[in-house]
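Trainee: Spelled out, the chains give:
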Amino acid sequence: MLLLDLSVPGRQGYALPKLDVEETPIEELIPETYLRKSELGLPELTEPEVVRYFTQLSRKNHGVDVGFYPLGSCTMKYNPRVNENIAAMPGFSRIHPRQPENTVQGALQLMYELDRYLAEIAGLAKTSLQPAAGAHGELTGLLIIKAYHEFNGEAEQRREIIIPDSAHGTNPASAQMAGFIAREISSDPRGGVDVEALRAMVGPQTAGLMLTNPNTLGLFDENIETIAKIIHDAGGLLYYDGANANAILGIVRPGDTGFDIVHFNLHKTFSTPHGGGGPGSGPIVVSNKLVDFLPDPIVEYTDGRYHLARPKHSIGPVKAFYGNFGVMVKAYAYIRHLGAEGLRAVSENAVLNANYVLNQLKQDYHLPYDRLCMHEFVLSGKWQKELGVSTLDIAKRLLDYGVHAPTIYFPLIVEEAIMVEPTETESKATLDAFIEAMQNIAEEVRTNPERIKSAPCQTPVKRLDETKAARSPVLTRKL
Amino acid sequence: MLLLDLSVPGRQGYALPKLDVEETPIEELIPETYLRKSELGLPELTEPEVVRYFTQLSRKNHGVDVGFYPLGSCTMKYNPRVNENIAAMPGFSRIHPRQPENTVQGALQLMYELDRYLAEIAGLAKTSLQPAAGAHGELTGLLIIKAYHEFNGEAEQRREIIIPDSAHGTNPASAQMAGFIAREISSDPRGGVDVEALRAMVGPQTAGLMLTNPNTLGLFDENIETIAKIIHDAGGLLYYDGANANAILGIVRPGDTGFDIVHFNLHKTFSTPHGGGGPGSGPIVVSNKLVDFLPDPIVEYTDGRYHLARPKHSIGPVKAFYGNFGVMVKAYAYIRHLGAEGLRAVSENAVLNANYVLNQLKQDYHLPYDRLCMHEFVLSGKWQKELGVSTLDIAKRLLDYGVHAPTIYFPLIVEEAIMVEPTETESKATLDAFIEAMQNIAEEVRTNPERIKSAPCQTPVKRLDETKAARSPVLTRKL
Amino acid sequence: MPYIPNTPEEQQQMLKSLGMSKLAELFADIPDHLQLKRPLDLPEPLAEHQLLRYMGQLAEKNVNLDRCISFLGAGAYDHIVPAVVSHIINRGEFLTAYTPYQAEVSQGVLQSIFEFQTLIANLTNMEAANASMYDGATALAEAALMSCNVTNRRKVAAAANLDPRWLEILQVYLESQNIELINIAYDPVTGLVDLEAVEPKLGAELACMIVSQPSFFGSVDDVDRVAQWIKSYQGLLVMAVDPISLGILKAPGEYGADIVVGDAGCLGNPISFGGPSVGFFAVTGMKLIRRMPGRIVGQTTDRDGNIGYVLTLQAREQHIRREKATSNICTNQALNALTATIYLALLGPQGIKQVAYQCLQKTAYLRRKLEAAGFKLRFNAPVFKEFVIQADWDWEEINQRLLEHGYLGGFPLKLADPNLSDCTLIAVTEARTKAEMDRFVDLLRGWR
Amino acid sequence: MPYIPNTPEEQQQMLKSLGMSKLAELFADIPDHLQLKRPLDLPEPLAEHQLLRYMGQLAEKNVNLDRCISFLGAGAYDHIVPAVVSHIINRGEFLTAYTPYQAEVSQGVLQSIFEFQTLIANLTNMEAANASMYDGATALAEAALMSCNVTNRRKVAAAANLDPRWLEILQVYLESQNIELINIAYDPVTGLVDLEAVEPKLGAELACMIVSQPSFFGSVDDVDRVAQWIKSYQGLLVMAVDPISLGILKAPGEYGADIVVGDAGCLGNPISFGGPSVGFFAVTGMKLIRRMPGRIVGQTTDRDGNIGYVLTLQAREQHIRREKATSNICTNQALNALTATIYLALLGPQGIKQVAYQCLQKTAYLRRKLEAAGFKLRFNAPVFKEFVIQADWDWEEINQRLLEHGYLGGFPLKLADPNLSDCTLIAVTEARTKAEMDRFVDLLRGWR
Ligand SMILES: Cc1ncc(COP(=O)(O)O)c(C=O)c1O
Ligand SMILES: Cc1ncc(COP(=O)(O)O)c(C=O)c1O
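Residue numbers (this note's numbering), protein chains in the order written: chain Y, 1 to 479; chain L, 1 to 479; chain R, 1 to 448; chain D, 1 to 448.
Any given hint might turn out to be false.
In the DSS-like style, the derived pairs of lysine-lysine whose C-alpha atoms are separated by at most 27 angstroms in a straight line are [what the hints assert, rightly or not]:
#, chain 1, residue 1, chain 2, residue 2
1, L, Lys18, R, Lys434
2, Y, Lys229, D, Lys37
3, Y, Lys18, D, Lys22
4, L, Lys37, R, Lys61
5, Y, Lys428, R, Lys434
6, R, Lys61, D, Lys61
7, Y, Lys428, D, Lys22
What the hints contain is simulated information worked out from the structure, not anything from laboratory work.
Here chain Y stands alone, though its shape is the one from the complex (with noise of 0.2 angstroms):
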């Protein structure tokens, strides 16, 4: 049942103040061949049948409150509560983008400090806080990359931005909508960037690289110093996607190891909720030689005020006002309550439970890559694959033991990959449980295969026909 089945007609589930102005007609105000004659097409419902609707969606749908969520690249970690109230302060959210500047000092405070403290732990000069997300963030970083350029007069020659096979797909896409042409670089067999191809592939046409550090396997690149020299004497820049900086928080910082430019994803290492797909905020950090460049506007601090301020050759905005300042909320929020060591702590413990994790399913799985993972790793079902169980009737599996499935088929250079994210937030109880139903799984594979490939069984619905959603769209409730 969708809300406009349950819609009634006369009902009204919000009530406004009466009108206390004197009405003009309103045929006088605006003129009839403007007004709407089509319905509007919403359903008609009270408060409470509203509120039973959403709660009982919600109960349809797991949570990191509801159960351990280990989604690779997503880093699913627990949401301190607190960051929410802090948030919802009338001081923060109810206040305009536009007002005085004089008006919300706390508001350009807070966003100036972010911006310090991320600088700091990237190893960078100076931040933006406008990305809406890790994608925008790749996407502005890029268009600071051209901007470079361009001031350098090299535009027109550098177009190519070179990115790893293991990439995740925003990469890639963020690099086309830059106006880059993305070149793919092979990975090596210890999974990290193929140094010597990555020579061959460099030159003058080579605006910058793409990287994530630990990459999208969980693995750090010891390279990591070679890469930047090949690039750096090429001409070209370094970008960090940050989507895994839950792994290196205090332990090394992005622009200590070369990178230029990085993003940081707010949603995910500074643990603001990820909201069922957003808000999420990509704040990118760059370098000293690429501050001018920076969207318009940043924040600065003279004489004891805050101010908002363009930079000199700043690339123009790429969002509305200043970007997803609530979420910033959260993550300013976050990094003063853990501080230094707070955050430190963060990172050993993604990293302590990944490799404990890793290490107790690396008998039931082909573990790819057998070395030291950082926060997550990659394991690959192709033995199961083999028995004619896909990664994906494993996944459907886990559904069932009240767990989310990790993340799947991706990156794309591990064959049925499964992508596993612990994060710090877990216990060592949720991480045995989740050892033991993956070992079950294991064991029913070559036992029941028929019972994986039919699952998930415990869940609201059963298997969903995604085929079949794609053939013939159905993407609305038609009226």
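For this one, chain Y is given, so just place chains L, R and D with the ligands on it according to the hints.
Mentor: Showing chains L, R and D with the ligands alone in chain Y's frame:
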């Protein structure tokens, strides 16, 4: 798994600020022998684990927000969420009961005005907001009756409180607590008080009568004036158990029908959430002649200021501080939100919904009193019982339909009672679904009784063994 | 009508099914002349937006604890509440459920009550606890009544250093049952229970002796002494305790208490002008368990043998036993009990110890500083989180002055006890900081 | 560490299972000289209680809309938000879930997105909508890019009366792809799109014409005219609309729009310094649907034939198509979209009409009053909830004066357009009252 089962030594889910004063060795502050030696026996968990534990627990629970909850006599209506926001305002939730009166004028004003509104709704003079729940209101009201008779020098003599056999269990229990003798009066064939029996029962020993009107059968006692006259003529007082006031808001006022004391259940009629069994609030409203006996303190308004005062012949306090203030805030907001017109609509629709459902169900279930009902009605499962299916079985089967069962086996005067209170916040669609479920069950009783007797089967646990629980009580998880 | 789904058309449909055409016909059973023929005299309804503004203004008329620094206690305290608590209790399944009569769809509430019982029993070191009472004061009154029922005696002794309002409430409850309440005086120097003051022959008539630990004055007593005394007469030891103090102070069970009550509002509940709070009630021994007032949840199994929870020992309760019930309590304080449970789960043993320890240390700090500033300590017994100072002042007036500086002063004892009219009761919780206390002392010192 | 369950003992156990003894060993793959050998230079951690106080103080440094009366708009508005909305979105299952990759345990999010798509499509009178965009401005930029892709043209025309920041963002996005952005001037008297100003031969090169309804100046245009014009060249009509206005104004679908975008932040989301908000993106026709950016949810069935929802048409997206994707968008604004959905469900058609109607009437009222008070209306076209007045003033300075009286004045247009440096843009929503407006006019009149 209970909290203690999840506990791991060394964890803590909340960190205090560091102690910022110089410490004195503890033995200098408290003698050794006064210090705790035993373990605290509390679980050691982090915040994520606590959240997940209680989130999971909550998902095993029904609530008005989850689905229909026609629990008779309990008025499980929708609780406007805005009232939670209001009660949480620091100006209400963060005030200390012993603050100087000039710092809590808003709170006292709220209490004073709520007193006035309830008095208007009851048709009586003055309110005490102190009682924490309905039963507490009953006790308080009875103590006032006692004090009144004492004041008149009749306390020794007037020791009996007359209570209908249909009354809620709290009535006789309260009478006992207040030091009275509870005398049960039978009901007449129309479900009302047996007037002749009453005449025979009253006398100089009569302290008063407790009555719910509409009574627990959901029936309005048309003889109320006669009843009041009989009691008053005998020198007794009339106490109105207002648990069923959802039927009468703005329709009829207990005071106008002869009652001297009324309690309201704010958590029922005035839509403050029931919280899994509280907090409630059971204010009592009394007639002019009883005002001086009210508990200490009441709120008065003189010279433009609100203040607390002790009534001249007060029975004394019955609760620490002033009652469940947080609940009063919600009830106050509810009354201000709905106004006279809204409250009347509440009762009209509550009664309409009840009669609508009643009318559809009386073919399939025995209706012992076949007349217009008020906000609720009582069916009997006796036809089903004859087929070997008890009312308990029917209730359990309803759970499989995602509906909370009605109140069962109450009132005691109806065999296999099924007491249904739909409330005004339910839609016709919900009522129709309930009717259909009840009809299906009636059909199932005939065709597949075993299915019902083994119900529920769709719930988080199957039917629970209450006998076992009582026979060898396990009331805590042992350490 | 945002909360009433019936549209006029639906109303007509439904009426029609009843053979009616007007809503008024539904009320045919109410004699016409008894029906109210005018609208209720209530203020005009406010739309939600207006309501929020109006209520916000009303709330602003109160000085709240976020806007001032409080040393006020005397039964309600400014303890820190973890932010996550309200998020959990606001889940609709907890907030909008009622007493778990249908156990199979109420495991959330039932299990959480079972947890409450467990944690309260453990914290007090008793065998069992019930599902909650209205507050500490009524819990105490019920404990006294129960003591009489269990011992078949009709006299109750209570230390005079109990919260005076609790004593009054106790009096109201006992009087109605014609039970005599005997006040046991406190020693004017220590503020502790003075057993010497008791008539010796009284002992054997007492159903119980009630002692508060700490006392209303914050003092910590040698309860062993009291325990021995009342036990020597086969009376029950009833203790009223501050649950926070149990992080440090000897647990009632260690004293051999028979019944323990207290107010658990301080465990994570907003102070809320004194309510809703929640009382707890714990006992040891099956005999007492079977006489407890209120709801009790027990563990059992379902048809499949899985563990589950149900309301149990219901034969004590009003809905079964009516006038023979152990109490009339029905709706209790479940959500506040849940709050306390969440609080205890978050804090854990270390956290509760820390809260208690900080209260103790900060109280000691302020007490020392005030003494150094020339204020007299009225009693000389050890204290936990409250203490009494004396000065030749009108403390109510001082409190008004303190308010101007953003402080909420202590509780002027003249409001409670004429013998202590030059005294005030100062409370210090873990929420207070050194800086706040130093400034407080400076202010008071300045006015000497 | 309230958020990290591993105790030191457990850490040791886990390390041991890895053959390690120290946490540092976990990072052996990171060249030692690259590791940070000092703690990060960040402020000392604050315990939750301190954090709340500190953040509260920071928040208090801002003047918030509960503390003043706002006539500020220009892209963000003080609309009323029903209280229940935040209760629903704070349910952990919504708040702490992510993109519904595992459909079987994500029906809550998936179905709610399907509702969002439905309600946005209906409100705009279009065939389909996606699951949300970052905000209205980026949605518009994506619409322009998509228009180029679909039409294979490399020029985009946009009305110059669009929000100037949106135009800037559009420029940034288009420039990176070497697409030319052509500004269509507005008529200086009406403030409406001036099609006469367009070079005729340009039409055939345009991928789309972008028009904002209402315009940045609040004016309502005859979009039929624009639609006819761009369609005559086989270009697409892209409309940027205020969703609230659609309660009264002709829907984009009725104009034959091809792509409709806008910001749905005003539908129940807190204003929050401008973000997070949520953009919407609606189209008509399967050809356009298959080129939409972002997530799309579709209906399907499960093994048992029951209806369910899944992410669909994923072949457009970055995780499948990588550099050939229709956009790079991944994380979007799901929770804000949910908020908008709840808002629309609560308000319903009547409610949305009323909000729009009240905006319209209150705006008309204030505009009339200001005109009567001697202020010049800069443009003479009909307006919806915003309008421009002109006076020989420094409006920034006036705004500072207004602040002293608790008012947040309009948006001084000198900050956006040098030609309008003596103008200010005044917004009036349903939240404003007559009394507030009357006083506002009085203040301004008094300063003339
Ligand atoms: C490695 C990596 N890079 C980039 C992104 C894109 O981030 P966002 O979803 O915030 O746009 C993701 C998101 O899943 C990711 O995992
Ligand atoms: C008719 C009736 N009277 C009294 C009460 C007692 O009210 P409370 O539970 O608030 O103590 C109830 C509660 O269910 C009731 O239904």
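Trainee: Does each hint fit the structure? Answer for all of them.
Mentor: Quick rundown of the hints versus the structure:
1. L:Lys18 with R:Lys434: Since the Cα atoms of Lys18 (chain L) and Lys434 (chain R) sit roughly 11 angstroms apart, the hinted pair holds (cutoff 27 angstroms).
2. Y:Lys229 with D:Lys37: holds (23 angstroms)
3. Y:Lys18 with D:Lys22: violated (67 angstroms)
4. L:Lys37 with R:Lys61: Given pair Lys37 (chain L), Lys61 (chain R) is violated - Cα atoms ~46 angstroms apart, limit 27 angstroms.
5. Y:Lys428 with R:Lys434: violated (39 angstroms)
6. R:Lys61 with D:Lys61: Roughly 22 angstroms separates the two Cα atoms, so the pair holds.
7. Y:Lys428 with D:Lys22: holds (17 angstroms)
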